[in-house]
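Work the whole structure out from these sequences, hints included.
Protein sequences, first through last, are from chains A and B.
Each residue of the first sequence is one higher than the one before, starting from 0 at the first, in numbering that gives the first Met the number 0.
Each residue of the second sequence is one higher than the one before, starting from 0 at the first, in numbering that gives the first Met the number 0.
Don't read these hints as lab results, they were simulated from the structure.
Glycine included, C-beta positions come from ideal geometry on N, C-alpha and C.
You may find that some hints are simply not true.
As the list claims (entries may be wrong) - Straight-line Cα separation of at most 25 Å, SDA-like style, residue types lysine to any residue; simulated pairs: (1) B:Lys358 with B:Ile390; (2) B:Lys131 with A:Asp174; (3) B:Lys329 with A:Asn114; (4) B:Lys136 with A:Gly105; (5) B:Lys131 with A:Ala177; (6) A:Lys100 with B:Pro333; (7) B:Lys221 with A:Ile202; (8) A:Lys212 with B:Pro268; (9) A:Lys189 with B:Glu218; (10) A:Lys81 with B:Met0; (11) B:Lys2 with B:Glu27; (12) B:Lys417 with B:Ile390; (13) A:Lys143 with B:Glu220; (14) B:Lys136 with A:Tyr103.
Unchecked claim - Quick partial rundown of chain B residues pointing at chain A, CB under 8 Å, derived from the structure: (15) Tyr108; (16) Pro159; (17) Ser182; (18) Phe183; (19) Thr207; (20) Val210; (21) Lys216.
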Amino acid sequence: MTPFSPLDSTRLSQILSRRQFLKLSGVSIVGISVLGVLLCKGETNAPLIIMEQAQGIIIADPTLCVACRRCELACTEFNDGKASPAMSRIKVNRNLNFGPKGAYAGQHGQGTWGNELVTPDFCLQCAHPVPCANACPNDAIVVKPPTNARVVDVEKCIGCRMCQRSCPWEMMSFDSEAGKATKCFLCDGKPKCVEACPAEALIYLAWRDLTDKVPIRVAPTSVISPEKAATCNECHKK
Amino acid sequence: MAKYGGWAGKVLRVDLSTGRIWTEDTVEKYKDYLGGTGIGYRVIWDEVPASTHPFDPANKIIFAVGPLAGTGAPCNGRTAITTLWPTCWPQPLVATGHMGGQFAAELKYAGYDAIVVEGKAEHPVWLSIVDKQVQIKDARHLWGQGIRRATIQISEEIGPEAAVAAIGQAGENLVPLSVVINSFSHSAGGAGGVMGSKNLKAIAVHGTGGVRIFGDKAEWEKLIQYHLSLLGANNQHVVPGSPQPWAEHYNPASRWVASRGRKWEASTPAVETGTCEPHNLNRIAYRTNNLAYFLGPGDIGWKYTVRGNGCTGCPIRCHNVLKVPSVSAKYGIPEVGQNTCAGLFFGRAFFQNFPDGPKGLTAIESCMVGMHLADDLGIWCNYSQLQRDFIKLYNNGTIKSKLGEKESKSYSWDKYEKGDPSFLFELLPRIAMKEGELGTALGLGTGYLLERWSIPEEEWKKDSKTCYWKLGHPRHHTSDEAGQCGVILNTQFNRDAQCHSHTNFTRNGLPFEIQKQLAAELWGSPDAVDVIGAFKPMNVYKARFAKWSLMRKELHDALSLCNYMGPWVASPLKERGYRGDDSIESMLYSLATGDRKDRQELDQVAERIFLLHRALTIRDMGTKEMRTQHDTIPEWVFLDPAGKPPFTQGTVHMDRNDIQLAMDMYYDEMGWDRATGAPTAAAYRRAGLREVAEELGKRGLLP
Numbered sequence: 000m001t002p003f004s005p006l007d008s009t010r011l012s013q014i015l016s017r018r019q020f021l022k023l024s025g026v027s028i029v030g031i032s033v034l035g036v037l038l039c040k041g042e043t044n045a046p047l048i049i050m051e052q053a054q055g056i057i058i059a060d061p062t063l064c065v066a067c068r069r070c071e072l073a074c075t076e077f078n079d080g081k082a083s084p085a086m087s088r089i090k091v092n093r094n095l096n097f098g099p100k101g102a103y104a105g106q107h108g109q110g111t112w113g114n115e116l117v118t119p120d121f122c123l124q125c126a127h128p129v130p131c132a133n134a135c136p137n138d139a140i141v142v143k144p145p146t147n148a149r150v151v152d153v154e155k156c157i158g159c160r161m162c163q164r165s166c167p168w169e170m171m172s173f174d175s176e177a178g179k180a181t182k183c184f185l186c187d188g189k190p191k192c193v194e195a196c197p198a199e200a201l202i203y204l205a206w207r208d209l210t211d212k213v214p215i216r217v218a219p220t221s222v223i224s225p226e227k228a229a230t231c232n233e234c235h236k237k
Numbered sequence: 000m001a002k003y004g005g006w007a008g009k010v011l012r013v014d015l016s017t018g019r020i021w022t023e024d025t026v027e028k029y030k031d032y033l034g035g036t037g038i039g040y041r042v043i044w045d046e047v048p049a050s051t052h053p054f055d056p057a058n059k060i061i062f063a064v065g066p067l068a069g070t071g072a073p074c075n076g077r078t079a080i081t082t083l084w085p086t087c088w089p090q091p092l093v094a095t096g097h098m099g100g101q102f103a104a105e106l107k108y109a110g111y112d113a114i115v116v117e118g119k120a121e122h123p124v125w126l127s128i129v130d131k132q133v134q135i136k137d138a139r140h141l142w143g144q145g146i147r148r149a150t151i152q153i154s155e156e157i158g159p160e161a162a163v164a165a166i167g168q169a170g171e172n173l174v175p176l177s178v179v180i181n182s183f184s185h186s187a188g189g190a191g192g193v194m195g196s197k198n199l200k201a202i203a204v205h206g207t208g209g210v211r212i213f214g215d216k217a218e219w220e221k222l223i224q225y226h227l228s229l230l231g232a233n234n235q236h237v238v239p240g241s242p243q244p245w246a247e248h249y250n251p252a253s254r255w256v257a258s259r260g261r262k263w264e265a266s267t268p269a270v271e272t273g274t275c276e277p278h279n280l281n282r283i284a285y286r287t288n289n290l291a292y293f294l295g296p297g298d299i300g301w302k303y304t305v306r307g308n309g310c311t312g313c314p315i316r317c318h319n320v321l322k323v324p325s326v327s328a329k330y331g332i333p334e335v336g337q338n339t340c341a342g343l344f345f346g347r348a349f350f351q352n353f354p355d356g357p358k359g360l361t362a363i364e365s366c367m368v369g370m371h372l373a374d375d376l377g378i379w380c381n382y383s384q385l386q387r388d389f390i391k392l393y394n395n396g397t398i399k400s401k402l403g404e405k406e407s408k409s410y411s412w413d414k415y416e417k418g419d420p421s422f423l424f425e426l427l428p429r430i431a432m433k434e435g436e437l438g439t440a441l442g443l444g445t446g447y448l449l450e451r452w453s454i455p456e457e458e459w460k461k462d463s464k465t466c467y468w469k470l471g472h473p474r475h476h477t478s479d480e481a482g483q484c485g486v487i488l489n490t491q492f493n494r495d496a497q498c499h500s501h502t503n504f505t506r507n508g509l510p511f512e513i514q515k516q517l518a519a520e521l522w523g524s525p526d527a528v529d530v531i532g533a534f535k536p537m538n539v540y541k542a543r544f545a546k547w548s549l550m551r552k553e554l555h556d557a558l559s560l561c562n563y564m565g566p567w568v569a570s571p572l573k574e575r576g577y578r579g580d581d582s583i584e585s586m587l588y589s590l591a592t593g594d595r596k597d598r599q600e601l602d603q604v605a606e607r608i609f610l611l612h613r614a615l616t617i618r619d620m621g622t623k624e625m626r627t628q629h630d631t632i633p634e635w636v637f638l639d640p641a642g643k644p645p646f647t648q649g650t651v652h653m654d655r656n657d658i659q660l661a662m663d664m665y666y667d668e669m670g671w672d673r674a675t676g677a678p679t680a681a682a683y684r685r686a687g688l689r690e691v692a693e694e695l696g697k698r699g700l701l702p
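Take a look at the structure:
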């Protein structure tokens, strides 16, 4: 395996010093937690924040969605043993009645009260830079093989909700019973939501970058820590 | 961690007279009644005195769901509303209404299995429930508004995910024929006025919690997959309506209407429904389209179909969305609407003809206008009895004779005669506002309407076209669909029977030989069922079928499973010999809650719940003479317009003596007294209702 094969995004066109280091060393980037230890002995103590590309992505077709929310139920029942749409990693209910603009759209928006289009929201498994991972003060959002989904390491998560403030698509979820963040982990390659959809409105595909194609819901309000900002500088600053 | 899964754990209690809000422990107090109607009947029995008027502050209204609501068990989206029923004539008795939508699930996620509302607020209020935060809020700015505006304004205040169950002007004005509606168009008839009498405009609920599944999550997933594999289309019709490449059988009467080439044509772009091979669980949502089923025949329903919609967690999308662009310019109403069954053709059902024929565009437009008005004003059709009454009273000249000249002239009867949907803008708001004699009388419900206008109930009972049954309410899937079993079931409730267990079997579309075989396995003999329209005399197996149907209906209403879909004793699966599974309910219940009960044990709980309904009916009527005073059958059941004798091919009418035998056998199956039709003290005791028997005994109401 070529260490950088997943990182062929044109966004990372610059040759970066630590990337070169990695290339030379032949180490596959599997996540910041590992690399933080492995690589931070160089010029800085800042953690490396590049994550290996995800392998898969769930995509929803709103024109096929029938608003039954079986995806939300499958996500939480089959993974967590409880039916809890509020912590589902695929999100339909918030758009169901009035669409992404909420009740202020009245009957002029989307959803059951508007034009009837119901939009399921899904995690984009962002390419670098990954907003939720970068916002986490404890580096609790890590890459998990085999799908390389960005997942919450519950051991490290302290429940501060900074990740929720960082995702422009509002795709971070929170398990209020556990007091931990949670997010789409692609069910390790067999997404329950896709299996559960009775209308074939969800599909599981090879990853592609949709971060500039899916409209954002909110402006993120989290800030990146100075340590991580130093890493950005290290790689990107000429 | 709670001992059981499934239940949210709390019953929310609200006294609007005092403003007091408190909770009870669901499992501790109501576990033996499961939830839903079980909690409803128990609260009414324990806390609402006999002879309470529905609009008295002492009446209580119970919004209740069961342990399966909000889970991934298919078809769990219905909220049961129990109260004393304002349209039940000649005296109000206990009854239930059921609404789909998102309310049931949201209630569970907020942490409640039920809400019991009592008393009367000083001024209009709405109840805001966001998880543990429960508040009684001022609704004076919402009073006088339709359901749509009230819901939007409440959603602006507490968020777009809330499920808002609101009443319209009809409920505010204490119109007995009024509804409460959540999720745009999911209504429960009869309950609107009770909320109005409490000055309660709406209950809005949003929850961020969850429903814990007690059993192993992998096992739960497997059970859900199994249940899904047994589903048919709406009403559990298990064969397609037209030949399909995979299908051994088809039946044109099936609600499984999907087919290659049949599309949701008003979706942009159009969506093909396809062959819907039953093993493909990712196509279940395409099987049903009640626009095609109810707005047909032919393909006219497909033309206006946007998509399927329905309740939380249900893959059967029976509540369908339609788009009719012409109504926007012609009537000034939104071009998109949605509903199912009688709610869908609320407007159309008033008319007797249309300029472009019964299945033309105007008929569809009348559906749109009717839905738009009724679901905003909050008017109930009483399972289309409102419209049937209107037509009969119009045609026999009663309406014109009862209205003064001035009022009569205020209606554009020429529009009505022509079939102009804009006539509905004259009629429906006046029902909601109780304006004039016609509006006021129509809103009363059949029984009180006939009384007001001095029309003997017998006139309705002998005319099969009225579909009228008793107590102010119509038939619901009766002899025309399940012979004696249908008749028995229609005698048991205090409104239309709302039971589908029987019709979901007899009309499942399977060839008769297969139905016979399944019936033999389920109820002991193939003779439990007949060919519809070629009925045979009563036998004990039909009584068993009737009891089973009744118990399952009550069980579903308590567990929160949809009796418009269940039970699931037949399936579309050829390899199973088209068998379903009679134990689905108990498997779901046991795994979700951790309280292991097999099929028979759960049916016994259902019997306990129904016995409470029976006891309440007896207590409030003040007589044990159920057989003659309550379990009555309208004359039209025994009359055949063509004079065909009973039990001959081509008639669905019944024989008087045979039906008496049917009631005997039914009472025997229930272990009740034949002479009075009242449950015996032993029957109550067997069901664990000793104190109920004692109370009735004190009142001399035991046989």
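- prompt: When the hints from earlier in the document are held up against this structure, which numbers fail?
  reply: Hints that this structure does not satisfy do not exist here, as all of them hold.
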